[in-house]
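Colleague: Sequence:
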Amino acid sequence: MDRVIEKKKYTPKKITLITGGALVLVLIIYNMLFAEHTSKLNVDSERVTIGNVQEGKFQEFIAVDGSVDPLNTFFLDITEGGRVDKIYTDDGRTVQKGDTILKLSNTTLQIDFMTRETQLYDLMNERQNSEIIMKQDLIRKENELAEIEYNLALAKRKYERNKMLIAEKVISQEEYEASKDEYNYLNKRKTLAERSVKQDAKLMDDRLKQLDESITRMKANIGMARNTLNNLYVVAPITGQLSTLKAEVGESKAPGENIGQIDDVNGFKVKSRIDQHYISKVYPGLEGTFDFNGQTYKVKVAKVFPEVQNNTFQVDMEFAEGAPEGVRRGQTLQLKLNLNDGGNAVLVPRGGFYQSTGGNWVFVVDKSGNYAEKRNIKLGRQNPNYYEVVSGLQPGEKIVLSSYDSYGDIDRLELK
Numbered sequence: 001m002d003r004v005i006e007k008k009k010y011t012p013k014k015i016t017l018i019t020g021g022a023l024v025l026v027l028i029i030y031n032m033l034f035a036e037h038t039s040k041l042n043v044d045s046e047r048v049t050i051g052n053v054q055e056g057k058f059q060e061f062i063a064v065d066g067s068v069d070p071l072n073t074f075f076l077d078i079t080e081g082g083r084v085d086k087i088y089t090d091d092g093r094t095v096q097k098g099d100t101i102l103k104l105s106n107t108t109l110q111i112d113f114m115t116r117e118t119q120l121y122d123l124m125n126e127r128q129n130s131e132i133i134m135k136q137d138l139i140r141k142e143n144e145l146a147e148i149e150y151n152l153a154l155a156k157r158k159y160e161r162n163k164m165l166i167a168e169k170v171i172s173q174e175e176y177e178a179s180k181d182e183y184n185y186l187n188k189r190k191t192l193a194e195r196s197v198k199q200d201a202k203l204m205d206d207r208l209k210q211l212d213e214s215i216t217r218m219k220a221n222i223g224m225a226r227n228t229l230n231n232l233y234v235v236a237p238i239t240g241q242l243s244t245l246k247a248e249v250g251e252s253k254a255p256g257e258n259i260g261q262i263d264d265v266n267g268f269k270v271k272s273r274i275d276q277h278y279i280s281k282v283y284p285g286l287e288g289t290f291d292f293n294g295q296t297y298k299v300k301v302a303k304v305f306p307e308v309q310n311n312t313f314q315v316d317m318e319f320a321e322g323a324p325e326g327v328r329r330g331q332t333l334q335l336k337l338n339l340n341d342g343g344n345a346v347l348v349p350r351g352g353f354y355q356s357t358g359g360n361w362v363f364v365v366d367k368s369g370n371y372a373e374k375r376n377i378k379l380g381r382q383n384p385n386y387y388e389v390v391s392g393l394q395p396g397e398k399i400v401l402s403s404y405d406s407y408g409d410i411d412r413l414e415l416k
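Quick note on this note's numbering: the sequence shown kicks off at 1 and runs consecutively.
It should be emphasised that the hints constitute simulated quantities derived from the structure, not laboratory data.
Incorrect hints may have been included.
[Unchecked claim] Estimated spans, in silico, between C-beta atoms of each pair: (1) GLY267 / GLY352: 42 to 50 Å; (2) PRO306 / GLY358: 27 to 35 Å; (3) ARG157 / LEU203: 15 to 23 Å; (4) GLU117 / PRO306: 51 to 59 Å; (5) ASN258 / ILE279: 24 to 32 Å; (6) ARG207 / GLU144: 17 to 25 Å; (7) LYS198 / LYS219: 53 to 61 Å; (8) MET114 / PRO284: 19 to 27 Å; (9) PRO284 / ASP212: 39 to 47 Å; (10) LEU203 / LYS180: 43 to 51 Å; (11) PRO306 / ARG381: 18 to 26 Å; (12) PRO349 / SER406: 18 to 26 Å.
[To be verified] Pairs of lysine to aspartate or glutamate residues, derived as DMTMM-like cross-links and limited to a Cα-Cα distance of at most 20 Å, are as follows: (13) LYS158 / GLU168; (14) LYS190 / GLU149; (15) LYS269 / ASP69.
Yeah, the Cβ is synthetic: ideal placement off N, Cα and C, and Gly gets one too.
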């Protein structure tokens, strides 16, 4: 009778495979849990810059260049064009208010002025001649009126006498009627003569008034023309230093052309252009400092111009304690403009690492100094010297400040 032979469940081969698989699995788990996966890079410690994390007063400021300008500047613009006839002073000299700087000549304006004067004289002569003629005519009519009044008086006496005589039938009816008609005729002539004299007198007054008004307007025009001629003399509007005089004898100048400026030397201001990034942080009253001749001086923002040109905006600053002795117009000053009052903070020096990381992480040097590991951090405000640490670093730690561009995705730097 045959017997069924049972197969063995664990053969040597099967046991070997299971054992090998278990070993592989253990190695994988160990590698995942305990093995080191960080990528490393050997770096020459002398080729990197290391900086200290420290606690100190953080002053947010920006470094800007400022140009020294006069507190007030008056531009010299030509009112009337012409040819430069004479120059009375030189560029760079001090002039007093009212001093003549240069003289222009303009033949057209001079001829126009003489023409206006001739017209005025003609109008004045016309007025005088018209007055003489009208007065003579008025006198003639007044004489005629006087003669009519005289004849009327005679006719009236004759008429009244004939009225009595006709009643007594001494004269004829025809003679009476003739005296009456003559009286009435002369009476009407008197009325017309008186009206004519009044009208002529009024016409004369109106005509002379019109001529007087024309003469007044003509005189005003001549006054304006005289002022125009006076504008050919360019005079100093204030006392100050004449600068950038742009004129040569014989040169033609157009109306409105600028020939220079006068600077008020009684005070100076500082003009500066600042990056538009700071436009919301700069306002009147903001203070700054600069060094000059071994001393530190203060400035204060006096005016902010909101217009942005070429990614910058302009500010005018005044010297808080007066301009330093020896400062000159056009001189450039290196200013430190404070954007806040300052306060304690954790600081790291500025370095090339920021361009690579944006301030989101850095390589922190181990206390041994043998390596530096990558760490996430957060930086806040900045000034030309430091970054403000918001989180991730403590005072006393050291970080790599130089550029990280050549490190790629490296997690640890071995400092050799």
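Colleague: Which numbered hints are broken by the structure, listed smallest first?
Modeller: Hints 3, 7, 8, 9 and 10 not satisfied by this model.
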